[in-house]
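Residue numbers are given in our numbering: position 148 of the sequence shown equals residue 148, and the series is strictly consecutive.
Hints are computed from structural coordinates only; laboratory data are not their basis. Careful, some of the hints might be misleading.
[Unchecked claim] List of simulated lysine to any residue pairs, SDA-like, C-alpha gap at most 25 Å:
1. Lys-127 x Leu-78
2. Lys-136 x Pro-85
3. Lys-136 x Ala-116
4. Lys-136 x Phe-86
5. Lys-127 x Ala-34
6. Lys-127 x Glu-104
7. Lys-127 x Arg-107
8. Lys-136 x Ala-28
9. Lys-136 x Asp-16
10. Lys-127 x Thr-165
11. Lys-127 x Leu-141
12. Lys-127 x Pro-145
[As the list claims (entries may be wrong)] Have a look at the derived ranges for each label pair, beta carbon to beta carbon:
13. Asp-16 x Ala-116: 27 to 33 Å
14. His-26 x Arg-117: 24 to 30 Å
15. Ala-28 x Glu-104: 37 to 43 Å
16. Ala-3 x Ala-67: 35 to 41 Å
17. Lys-136 x Pro-115: 34 to 40 Å
18. Glu-104 x Pro-2: 21 to 27 Å
C-beta: ideal position from N, C-alpha, C; glycine also.
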Amino acid sequence: MPAHSLDLVLSPASDDLIRSRWAALHGAGLPSLATHRGASNAPHITALSAPSIPEHVLARAREVFSALLPCSVDIPGLLVVGHGPFVLAESVIVPPGVTEAVRELERIAAESRPPARPWVPHLTLGKQLTASQVGKALEVLADVPAPRAVEIAGLRRWDPDQRVTAMVVG
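Make a model of the complete structure from these sequences and hints.
Right, here's the structure in full:
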């Protein structure tokens with residue numbers, strides 16, 4: 001069953017920066033989220049993923065993130081995740097309040113989801129890369145302006161059952 005999620009979404013200018021990185025990878029023939037055509041395809045940081053998102057979790061998310069957003073987050077560099085195939089992403093450093101809010105949502109959603117791995121905030125650029133493709137991607141992205149920070153503008157909900165996104169905050 002596909003997971004429902006609460007995602008931190010970017011301002012239009014920050015969204016464009018990440019999409020330019022997607023486009024560069026795609027232009028080089030590498031796996032990139034530029035080719036994903038689903039309703040959920042926008043640069044985002046997944047804050048919570050679960051088989052369902054109960055109304056009390058959604059209400060609390062609306063309450064805590066209304067006080068935290070918009071905010072700026074730092075992008076210290078690229079992140080490679082996995083043992084192969086790999087995920088290539090921009091690493092993200094969020095303010096402490098955002099981390100605390102995500103931990104709180106994880107706690108109150110615990111009854112509707114399996115135990116979570118530690119939250120690693122990131123902006124995915126490409127999935128299913130081989131080791132050689134990761135090397136090529138790093139070369140390609142070295143020639144594309146790298147964001148040092150991006151603006152989180154809102155929080156959205158992804159409902160895979162209905163295949164729709166809806167803004168929760170922002």
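For each hint, the structure was consulted:
1. Lys-127 x Leu-78: holds (13 Å)
2. Lys-136 x Pro-85: holds (14 Å)
3. Lys-136 x Ala-116: With a Cα-Cα distance of about 32 Å, the restraint between Lys-136 and Ala-116 is violated, given a limit of 25 Å.
4. Lys-136 x Phe-86: This hinted pair holds, its Cα atoms lying about 13 Å apart.
5. Lys-127 x Ala-34: holds (11 Å)
6. Lys-127 x Glu-104: Outside the cut-off at roughly 28 Å; violated.
7. Lys-127 x Arg-107: violated (28 Å)
8. Lys-136 x Ala-28: With Cα atoms ~9 Å apart, Lys-136 and Ala-28 stay inside 25 Å; holds.
9. Lys-136 x Asp-16: This hinted pair holds, its Cα atoms lying about 22 Å apart.
10. Lys-127 x Thr-165: Between Lys-127 and Thr-165 the Cα gap is close to 21 Å, so the pair holds against 25 Å.
11. Lys-127 x Leu-141: Status holds; Cα separation ~15 Å.
12. Lys-127 x Pro-145: holds (21 Å)
13. Asp-16 x Ala-116: 27 to 33 Å: holds (31 Å)
14. His-26 x Arg-117: 24 to 30 Å: The hinted range 24 to 30 Å holds for His-26 and Arg-117, with Cβ atoms some 28 Å apart.
15. Ala-28 x Glu-104: 37 to 43 Å: holds (40 Å)
16. Ala-3 x Ala-67: 35 to 41 Å: Check failed, 26 Å falls outside 35 to 41 Å.
17. Lys-136 x Pro-115: 34 to 40 Å: Because 36 Å falls inside the window, the suggested range holds.
18. Glu-104 x Pro-2: 21 to 27 Å: holds (24 Å)
This entry does not satisfy hints 3, 6, 7, 16, going by the numbered hints stated previously.
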